[in-house]
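Line by line, the protein sequences are chains A and P. The first sequence begins at 33 in our numbering and counts up by one. The second sequence begins at 174 in our numbering and counts up by one.
Some hints could be false.
What the simulated footprint calls covered on chain P by chain A, stretch by stretch (three residues with Cβ under 8 angstroms from a Cβ of chain A suffice, anywhere in the stretch; the number is not a length) [as the list claims (entries may be wrong)]: (1) 187-201; (2) 261-273; (3) 319-331; (4) 340-346; (5) 353-367; (6) 391-402.
To be clear, the hints were calculated from the coordinates, so they are not data collected in a lab. Cβ coordinates follow ideal geometry from the N, Cα and C atoms, glycine included.
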Amino acid sequence: MTNMTHDELSRLLYAQPIRLLHRLAKGQVPRFFRMGKHRIIQTLLDFPPNHRARLVADLEAMIQEGPPPKPSAKRPARLKAQEAPPKAKAPTPPTHRAIDHPLEPATSIEELLEGIGVPIAKIFKPDPWQEEAIAQLATNDVIVSVPTGSGKTYVAIEAMRRAIEADQTVIYTSPLKALSNTKLTEFSQIFGADQVGILTGDRRYNPQAPILIMTTEILRNLLYDAAGGEIDLRIDTLGLVILDESQFIADPERGVVWEETIIFCPSQSRLLLLSASIGNPDEIADWITSIRTVPCHLIHHRNRSVPLRAAYLDPSGTLSPLFRTKDITHGKGFTVHPETKRLFTDYEHQTTGPRYRR
Amino acid sequence: MPPAIHPVDLIQVLRNKQLTPAIVFFTSRRACDEAIDSFEHRHVPIPPKRMAAIKKVLEPIIKEYPSIAHHPFIPIVEQYGVAAHHAGHLPSWKIAIEELMRKGCLDAVFATTTLAAGVDFPARTVVITQSSVRKAKDFMELTVSEIQQLAGRGGRRGKDFVGFVVITPSPYIDIGHIAKGLTGNPEPIDSQFVTSYPMVLNLLKAHTIDHIQPILEKSFAQFQLNQRSNTFETKLDGIDQELTNYGQRECADWITQWQSFELAKRRRSHRFVKIPHETAEVNARLSFLTPGRVVALSREKAIVLRQYRSRGQAHAMLTVLRSRGRIVEYPAGSVTEVVDQVIDLVEIKSFPWCNAASLDHAIQMLEELPTRVRPLPIRVVEDSSEEDSAEENSVLTETLNDEFPCPACPSRHACRKDHAPALRLRQEGHRLTKTIHTLRTELWHRFQQHIEVLQKFGYLTPNCQLTSDGEWARHIRINHSLLITELIRMEAFDGIEPALLTGVLASIAIDDDRPGSYPRRSSGLGSVLKQVRTVAHSLEAYEDPPLLRSDIAAVAEVWVADQNLPWSKLIRMTSMAEGDIYRLLARTLEYLSQVYSLKATHPSLAEVAVNAMDLMRRDVLEELP
Chain A
33 MTNMTHDELS
43 RLLYAQPIRL
53 LHRLAKGQVP
63 RFFRMGKHRI
73 IQTLLDFPPN
83 HRARLVADLE
93 AMIQEGPPPK
103 PSAKRPARLK
113 AQEAPPKAKA
123 PTPPTHRAID
133 HPLEPATSIE
143 ELLEGIGVPI
153 AKIFKPDPWQ
163 EEAIAQLATN
173 DVIVSVPTGS
183 GKTYVAIEAM
193 RRAIEADQTV
203 IYTSPLKALS
213 NTKLTEFSQI
223 FGADQVGILT
233 GDRRYNPQAP
243 ILIMTTEILR
253 NLLYDAAGGE
263 IDLRIDTLGL
273 VILDESQFIA
283 DPERGVVWEE
293 TIIFCPSQSR
303 LLLLSASIGN
313 PDEIADWITS
323 IRTVPCHLIH
333 HRNRSVPLRA
343 AYLDPSGTLS
353 PLFRTKDITH
363 GKGFTVHPET
373 KRLFTDYEHQ
383 TTGPRYRR
Chain P
174 MPPAIHPVDL
184 IQVLRNKQLT
194 PAIVFFTSRR
204 ACDEAIDSFE
214 HRHVPIPPKR
224 MAAIKKVLEP
234 IIKEYPSIAH
244 HPFIPIVEQY
254 GVAAHHAGHL
264 PSWKIAIEEL
274 MRKGCLDAVF
284 ATTTLAAGVD
294 FPARTVVITQ
304 SSVRKAKDFM
314 ELTVSEIQQL
324 AGRGGRRGKD
334 FVGFVVITPS
344 PYIDIGHIAK
354 GLTGNPEPID
364 SQFVTSYPMV
374 LNLLKAHTID
384 HIQPILEKSF
394 AQFQLNQRSN
404 TFETKLDGID
414 QELTNYGQRE
424 CADWITQWQS
434 FELAKRRRSH
444 RFVKIPHETA
454 EVNARLSFLT
464 PGRVVALSRE
474 KAIVLRQYRS
484 RGQAHAMLTV
494 LRSRGRIVEY
504 PAGSVTEVVD
514 QVIDLVEIKS
524 FPWCNAASLD
534 HAIQMLEELP
544 TRVRPLPIRV
554 VEDSSEEDSA
564 EENSVLTETL
574 NDEFPCPACP
584 SRHACRKDHA
594 PALRLRQEGH
604 RLTKTIHTLR
614 TELWHRFQQH
624 IEVLQKFGYL
634 TPNCQLTSDG
644 EWARHIRINH
654 SLLITELIRM
664 EAFDGIEPAL
674 LTGVLASIAI
684 DDDRPGSYPR
694 RSSGLGSVLK
704 QVRTVAHSLE
714 AYEDPPLLRS
724 DIAAVAEVWV
734 ADQNLPWSKL
744 IRMTSMAEGD
754 IYRLLARTLE
764 YLSQVYSLKA
774 THPSLAEVAV
784 NAMDLMRRDV
794 LEELP
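Take the sequences, apply the hints, and build the full model.
Okay, structure coming up:
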């Protein structure tokens, strides 16, 4: 059993209680008592191969020997002298608990990088949440708060298609003119150039088209004019208002425009808010429900359609995983990969050395 | 070790690990452009096949947007397959880069974090080199939402099985912060509702003043304020509950009653000194130690001449007459017994505290005192109710009895005990009520302030209807609207040249404080801007004045004034980035179009504005809607 592989040994070590590891490390790892279990194991694993054999032998001997005798019996005796010995510590957990929940070995860079590639193009099938959003939009307002790049635009396009089929006007707003232009090209390709118009501060292209792209400020101004009595036909047939990047409601300067737009949005038209991940989409949904005639349905999830992994690239060119786990976990805390920790500590140490201090 | 990985090496590593295409986020525009330049220095071209592919994609875009045909970065993009994408570039250039990226022709795009929201293209990998970003002059840590927005560009739907975020250190990085951002929950967002003058005018155009408050209450701001005030209200309910727990007292408002009683007592108590340091026994005796009282000291008897307190002395003092006519001072505590005998003395206000006749009489009486005297029995009230005894100082009670029922009230003991905590609770309750009121009416209050200003300037009538000025002023829906409408009312723009109007509006439109070099401004622009500055200064109390930079205004002015000036020459006249000039002109166009919307009431000014717009729209500005 002495010719154990690295991974086997690592797994075996992680399965041992810390007590045993301390005994194992004694005299071999300096200051082992200041390290956590994980670091002790990493240090032990880094031993040169000839030491390694001895380590394995020691380990096996210790495992067979079983747990060491409890520390000297003198102290309980002294405690007994007192009437009721105070229970300072909770009873020590069973020593084999570590086997039930072994700390998984950290992922490796090879593991992290595996699976890169281009999937074969297949027929697009919408996710359940996308279908849900479109179905809800028939009767309700909808707010979609999902991670970037998980397919919000699909919801917008499908919703537009249905609105056009019902002979309604759709207004699509984005916070930036640059995005408006991109969307103009994108929607023109899908619906045809004559179906899409764009309104900017000073120009109108194809303003009678059923799909109108504009910045949110322009829509707000249209709504002002409609409220002021200057009837605009488009407002009357307006069936759907899509506010893209609606997390802009928190923008210090422009956020008020999004609020006004939502408040003054005609009651007959549905609202579709597309937003990146935000902390309180439920609060916004509650708000919209409270001021509009129909309830606002919230679609909120954090699953990305393409999984995301994190890596660390050292200035020397070494790539290592950023986290111990392969995928990025959400809301459960994190542990930085030991290799990355070492590399970054080295980096900080070197770049804040005297040479870089001014 | 270098402080940061060289961009070329970075892309090389990503290529080797098949992590391209990538978006690399840098702190500054300059870092992005320099990264591109460094590819030229190292000279590591991509295979000719890919160069051709890039050329093929670029061709139709150049045809559509001729302004980028001679862009200095085109050869680099074609040769090395990398590009920079930031606000300093023309929109048409950015469109070209986005298109190239979408077609998968590029290995990397170097972008600034500030534009993360405006970048609409994904990549396989996102490279983050910093954890803070420049926001309004200051470096701020990236928020969790921002980090996730950046990282979210990694992994293209339908083109990748998996996306990557690569963190590479630079002097601006805190790796823990980014790790936290990647795994954490995004921040909740808060309403940023602000009232503006155009908002007030437009709301009052459509609704009467009575309907405004319900409209404001529909805002997300009010929704959040209400939620906050709801938590306060639950707290308030708790306080009310606690107060009712004190139960029924004799009077309805016992807290106030007791408080005024306490105050009255405190105000009068200096007349009835409460002696703090005496024992109960001495205290009990004090009221008997009046002038003429015979007392026993430890050895002999004496007659009290006066009782007094002197500053700095904790104990009540006595001046007594001892045998052989000695007049001595003693602390009241040294009296061992009070004798049931008082000698008549005629008091005077100075030593020896009684007139000569009564002093003689007293000396004589002292000599004649029998050895055995009858001590006066004095009831000592026990210490436990020491406070009680002081409170119920008979004299005090008597004087306050007429005004307050408290001293004789059966619930006075309970009141005394509960008063302090109850008062604290009630004050807390009042504070909460006030806070809740402010939260509920804050928006409305701010709206009213704006109404007052607009009334003052004559855009609104006293009963909140739009005046003729207000009717047109509501069409100006941009920042610094008050300044612009005031300028129009002052006829500052009468007979103005289109170029000058453009310059003035440009200086109002752009709040950029970056220094740089700019073309010379005309003397006309200088004098008009001087006027505008005076007006802006006078409006300071109602509206933040814009920067009104004449140098930036000159860029817009020269573009309109010199119709033969090509874009390429304009960008060489100033140190402003191409994208910034474009944005300046585009915004000025927007402002001009707002002025043009006044064509019904100000036909001549609208004419100038539309002229200026026509003059502005050429070359690059003609390309995009």
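Checked hints:
1. 187-201: holds (count 3)
2. 261-273: Holds: 4 residues of the segment 261-273 of chain P have a Cβ under 8 angstroms from chain A.
3. 319-331: Held - the segment 319-331 of chain P has 10 residues with a Cβ nearer than 8 angstroms to chain A, which meets the minimum of three.
4. 340-346: It holds, with 4 qualifying residues against the three required.
5. 353-367: Per the Cβ count (14), the hint holds.
6. 391-402: Holds, because 7 residues of the segment 391-402 of chain P bring their Cβ atoms closer than 8 angstroms to Cβ atoms of chain A.
Of the numbered hints listed earlier, not one is contradicted by the structure.
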